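2 protein chains.
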Amino acid sequence: MIIDIHGHYTTAPKALETWRNRQIAAVGQPASRPKPSELNISDDELRDSIETNQLRLMRERGLDLTVFSPRASFMAHHIGDFEVSSTWAAICNELCYRVSQLFPQHFIPAAMLPQSPGVDTASCIPELVKCVEEYGNVAINLNPDPSGGHWTSPPLSDRYWYPIYEKMVEYDIPAMIHVSTSCNACFHTTGAHYLNADTTAFMQCLTSDLFHDFPTLRFVIPHGGGAVPYHWGRFRGLAQEMKKPPLEEHLLDNIFFDTCVYHQPGINLLTEVIPVDNILFASEMIGAVRGIDPYTQHYFDDTKRYIEAADMHPEQRFKIYEGNARRVYPRLDAALTAQGR
Amino acid sequence: MIIDIHGHYTTAPKALETWRNRQIAAVGQPASRPKPSELNISDDELRDSIETNQLRLMRERGLDLTVFSPRASFMAHHIGDFEVSSTWAAICNELCYRVSQLFPQHFIPAAMLPQSPGVDTASCIPELVKCVEEYGNVAINLNPDPSGGHWTSPPLSDRYWYPIYEKMVEYDIPAMIHVSTSCNACFHTTGAHYLNADTTAFMQCLTSDLFHDFPTLRFVIPHGGGAVPYHWGRFRGLAQEMKKPPLEEHLLDNIFFDTCVYHQPGINLLTEVIPVDNILFASEMIGAVRGIDPYTQHYFDDTKRYIEAADMHPEQRFKIYEGNARRVYPRLDAALTAQGR
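In order, the protein sequences belong to chains A and B. The first sequence begins at 209 in the working numbering and counts up one residue at a time. The second sequence begins at 209 in the working numbering and counts up one residue at a time.
Same shape as in the complex, but just chain A (with noise of 0.2 Å):
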């Protein structure tokens, strides 16, 4: 079985994104909000966004399962205040749970949170309990900069963030850290935001002892790390430097790395470096790259491509494919046995 752990829900029908553009014209303006009850898209509209899209590329492709959750970009926290993020979130949250039931056999939910800079984390906690115990979420997406891309808040290592990993520990479900949109000029949001705030976060575990207070905590690091695994003598030598342990023991039970390279040396490099067991499968499909690679006459995001070309042994392609996922996200694994999978 091939488990994509990285998808998100970037073709849900337009009917979406007008409600949203609602909502943020409505900001400090709580009277004019509109309703949830106001957003009407059927299970005939759900299947057809799906079915002509993500699943015709998984079928196309060959895999089986997507770990899915609400568009990365959307979540857009820094928008309005939590009452704006937590209507969001849950209408979200609600629309991946639907495409899971829809499709049990594709797809699996992970939520989006509630986020609101400067707003206390415990906030996200019923939004995160509804879809782990109502929804069948199997792990969760935390945003590590709300403000998109102001960094306005403390590091991953800050208790800031604990209520959340005492759930998450609790629950015993994976984060993948991802942040939204960038509303900083400076940053694209695809092509410097995500990838920055990856090689960001992967640091701020590194120079604290985050493991150490929650030793089952696991984060998954999307688009291959950011620029860590191409970096990984600079991490190995900075950890040496601050007396920490080898990156291996300090971080890697702990740490995740998906699949999210588009072409094949980066693959190559991410599997010669990364120790195998810390390795999932994900393509972010359909994602920020859409196109076909001219030099391969194949998608960017087709990322099994890359993997069955990169030179490792079949058992090992299996972690990648399907046996990490299983280890990382328990709740995968059970709802996969239930089914008989």
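Read the hints as simulated data drawn from the structure, not as lab findings. Computed from a prediction, not measured in an experiment: that's the story for all the values here. It cannot be assumed that every hint is accurate.
Copies of the same chain look alike in the list, so a pair counts if it works inside one copy or between any two.
Claimed, not checked - No more than 30 Å apart at the CA atoms, straight line, and that leaves these computed lysine-lysine pairs for DSSO-like:
no.	residue 1	residue 2
1	Lys452	Lys222
2	Lys222	Lys338
3	Lys222	Lys243
Put chain B on the given structure of chain A with help from the hints.
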């Protein structure tokens, strides 16, 4: 000849830091600012700080010449106002100039600029002119985020930066795009902020038409280009999505990467993915990562070993070691030619 295009004066005599600390303590109290004349460092002290450090390692490693600029993390353009930055830049640039006079065979200077957040970049021109015309500097370091991790300046494509570009074009000198210390708790200086800035700068160029306005402008992106070569497929795909020309055509007449990547797989990827004409040898020694890699028993930052071990022809290695530097830094070439080298 082996030219290291990325060296900082990280080993300056202690008196420099002491003077700087007095300057910082006096921020906001102009009357108590220390005078530059209160800093006294003898030629013997300079000689000693270089001979026992950079020059010793250059000899051990077989490096001939270093493009030498003030310590990047000490630029700290966010501290104080323009006057503070201006005095500090003048002092640091003078020291690098003196080192180049003491060791003309081994060091040639590159200048830091007296940048200050929000201040017109034209204010940097007098220092730049002095450094090129009087001190023989062959390049500048340009900080794309003088705020130190808050990213409050406009992107590099903005006209805010044009006064500097105009002078660079006039003098035909490149800029290394290099941030300084992060004062944002989210970003570790050398483990996150440096790499993020490299990626960010590249993407700012990619999304813009800066090199239409300045066809001969040249940027060196240090630290192996941040995350860029590892994600080369992503950047190619994003450029394609934006209807930009292929990256080779769109950016690679103007953007170059150094080899400050501290392990063999990273250098292998860099030299596989990026055209050889765009790679310049560098180590940033003595810098962020000073230790010995327990896997190889060699210094992490002994990047010459990785270049030697990478799969390439001798002519390609010549370009990386010398040929490209002489092309991208014409004033370096002229200085070497004048020395009969």
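So, going through the hints one by one against the coordinates:
1. Lys452 - Lys222: between (49 Å within a copy, 28 Å between copies)
2. Lys222 - Lys338: So Lys222 and Lys338 pass the 30 Å test inside one copy only (26 Å; across, 58 Å).
3. Lys222 - Lys243: within (17 Å within a copy, 64 Å between copies)
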